[in-house]
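Peer 1: Please take these sequences and the hints and turn them into a complete structure.
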Amino acid sequence: MHEVQPEPVPVAQKAKRGRAIVITSGKGGVGKTTTTANLGHALAARGCSVALIDADVGLRNLDIVLGLESRVKHNLLDVLDGTVELDDAIVRDKHNASLVLLAASQTREKDEVDTEKMKALVERMREQYDYVIIDCPAGIEGGFKNAVVGADEAIVVCTPEVSAVRDVDRVVGLLGNKFRPQLIVNRLRPALVKKGKMLSVEDVNAILRLPLLGVIGDEPEIIVTTNRGEPIALRKDGATAAAYHAIAAKIAGEDVAAPTVEIKASGFFGRLGAMFGGAK
Amino acid sequence: MIEFFRKLFAPTNSSQTAKERLRLVLMTDHLSLAPEMIEQMKRDFIDVIAKYVEVDRDKIEINFEQQDKALAMLANVPILAVNRNGGGNNGDGGKKTEEPKTVEAVAAATTAPLPRRKRRKKSPPATVAPSNASPAPAG
Amino acid sequence: MSGRRIVVTSGKGGVGKTTTTANLGATLAKRGHRVILIDADIGLRNLDLVLGLEKRIVFDVVEVAEGRCQLRQALIKDKRFGELLSILPAAQTRDKDAITEEQFAGIVKQAAEISDYVFIDCPAGIEAGFRNAVAGADEAIVVTTPEVSAIRDADRVIGKVAEKNIPIRLIVNRLRPEMVRTGDMLSVEDVCEILSAELIGVIPDDEEVIDTTNRGEPIVLDEANKLRVVYDKIARRLEGELVPFTNFDNQGFFGRLLGVLKAG
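Protein chains in written order, with the numbering used here: chain W, 1 to 280; chain P, 281 to 419; chain X, 420 to 683.
Simulated from the structure, these hints should not be mistaken for lab results.
Hints may be right or wrong, so weigh each one.
Stated by the list, open to error - Per label pair, the in silico range of CB-to-CB distance:
| # | chain 1 | residue 1 | chain 2 | residue 2 | range |
| --- | --- | --- | --- | --- | --- |
| 1 | W | 257 | X | 626 | 22 to 32 Å |
| 2 | X | 583 | W | 209 | 39 to 49 Å |
| 3 | P | 360 | W | 16 | 52 to 62 Å |
| 4 | W | 81 | P | 354 | 19 to 29 Å |
By construction, the Cβ of each residue, glycine as well, lies at the ideal position given by its N, Cα and C atoms.
Peer 2: Structural data, given as structure tokens:
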């Protein structure tokens with residue numbers, strides 16, 4: 001009996017295949033779009049080519065969070081219909097040219113998206129980009145199904161609230177065996193956790209039991225960044241930017257320390273400290 | 281540190297930026313959600329223009345574009361002839377040129393004032409000839 | 420006379436539809452009205468959880484639609500409010516296409532026959548779940564936060580609901596007056612200007628709210644909760660009373676109250 005050697009794959013023939021990751025949650029408002037935008041920037045900052053797809057047809061927001069809303073001329077449905085080429089529909093980011101956006105349509109409905117075509121599109125885009133990240137809409141209806149179909153990795157975003165945990169749990173169930181989702185706990189307020197008025201990361205993960213990818217604190221500054229359309233990951237300092245960069249590093253395979261969120265000093269001196277380079 | 285000075289000297293605060301961005305994006309959203317209204321607007325617009333110049337209705341293009349801080353309507357209207365009686369009817373014996381000339385009209389549909397571009401007429405204005413003169417043959 | 424049928428919607432998820440439905444319903448019940456709350460978020464139910472009634476669910480809205488039980492059997496009475504507050508839970512393991520718009524509208528109308536107010540807690544989005552939730556309503560409350568994405572989605576939803584020709588009123592939730600003052604957040608005035616809908620309530624951001632939903636305790640039952648006043652005002656406006664809005668933009672009473680409580 002001799003061993004069957006696997007056939008060596010000639011290096012030249014190996015097609016590039018980027019990673020396709022869907023960001024989902026079930027519950028709305030937990031930070032999927034914000035996470036998609038910021039992770040996109042963080043990965044692009046590492047030198048990767050990143051394509052972001054907004055799958056929230058009819059209620060698009062990834063464009064406005066990225067500050068690219070005025071540049072969107074064509075959208076996902078135009079590409080799926082074949083009326084526009086992919087290259088004409090994608091919008092290059094203002095700050096980092098290796099990050100692009102394929103916006104959702106604002107005027108069409110989610111049930112107009114053909115699942116098979118969506119899958120094929122994501123597959124195509126994986127040949128061109130290191131990462132294809134799909135921003136999933138809230139809920140578990142058609143929009144969710146289409147967002148998930150092209151991906152083979154999933155990140156679930158959860159806030160430390162009972163409704164969110166319940167919804168994420170349901171979504172993890174629906175994602176099924178194809179995925180081994182990783183968890184980001186978003187909008188944690190350590191001070192409240194300490195007072196027993198908010199679930200801790202451990203509480204959340206005792207129910208969800210998922211590998212923890214990252215923890216992000218509740219940062220009012222996010223509102224300002226969305227006002228301006230300048231995602232926080234573009235900043236060089238601040239805990240939230242750092243958290244997104246750490247998550248990106250982990251996704252890229254780096255061995256990153258376990259995520260934590262410190263209790264930030266509040267009040268005037270705390271804010272002053274934050275302005276001058278990070279308070280701990 | 282830089283953030284501190286940015287905040288101090290920021291020309292607009294972020295809520296004003298947000299308000300402007302929202303206004304523009306909602307206008308764009310509303311326009312894309314009302315194709316029938318836009319079709320009707322195009323028809324009305326063309327009807328008005330057609331009082332002054334004869335236009336090639338089939339080749340008219342009207343688009344909306346976001347230009348920096350404002351939303352603009354861009355119309356490209358091929359002109360076949362300029363009406364002698366301008367403002368009333370189509371006129372008889374209007375000088376017909378062989379190829380349509382185009383005039384770009386820029387109409388601003390914005391909240392912020394945009395500098396208005398005057399209409400550029402590429403063909404020389406038609407002269408009103410005495411009644412029994414015949415138009416010179418076009419070259 | 421049949422009760423009012425009000426859908427609470429937003430487009431954007433996570434702005435406070437369920438919390439608002441629960442607390443507004445509870446407040447009206449406390450004021451003596453018969454209130455039924457219907458959870459239209461089939462597959463992702465949360466209204467029961469937010470009121471602490473999740474362990475008492477026997478039947479759900481889909482089973483009522485399928486005729487497997489009567490509406491009265493499925494309604495869960497919240498004992499803290501006597502006979503006045505009931506909820507009809509959503510199904511958790513079904514899809515939103517398990518029920519049609521006609522079926523849902525029928526249930527809403529049935530509920531309105533035995534109550535003064537029916538509130539329909541709408542799911543996020545504008546898909547089938549939304550269409551079901553709006554189907555039986557004759558009024559709408561749109562909830563938004565003073566944030567760009569929420570306002571954009573609220574605008575879309577207002578457009579969709581307006582097609583039904585029902586009155587639409589706006590609640591601005593999670594306002595942070597101190598951020599409005601520093602220009603870091605849109606003001607209520609900004610929001611109303613952009614959305615042009617009739618304002619019926621302004622609810623300031625309050626970290627205590629998470630705790631109340633964690634515990635399943637409606638705010639109206641906690642006399643110490645400062646949002647109690649806010650929900651009471653909204654309830655009174657719904658009843659038709661002209662109640663002045665708290666001026667959050669000045670360092671007035673509310674500003675001082677918040678300041679004192681933060682330091683404490």
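Peer 1: Does each hint fit the structure? Answer for all of them.
Peer 2: A quick look at each hint next to the structure:
1. W:257 to X:626: 22 to 32 Å: holds (28 Å)
2. X:583 to W:209: 39 to 49 Å: holds (43 Å)
3. P:360 to W:16: 52 to 62 Å: holds (53 Å)
4. W:81 to P:354: 19 to 29 Å: holds (24 Å)
In the structure shown, no violation is registered for any of the earlier numbered hints.
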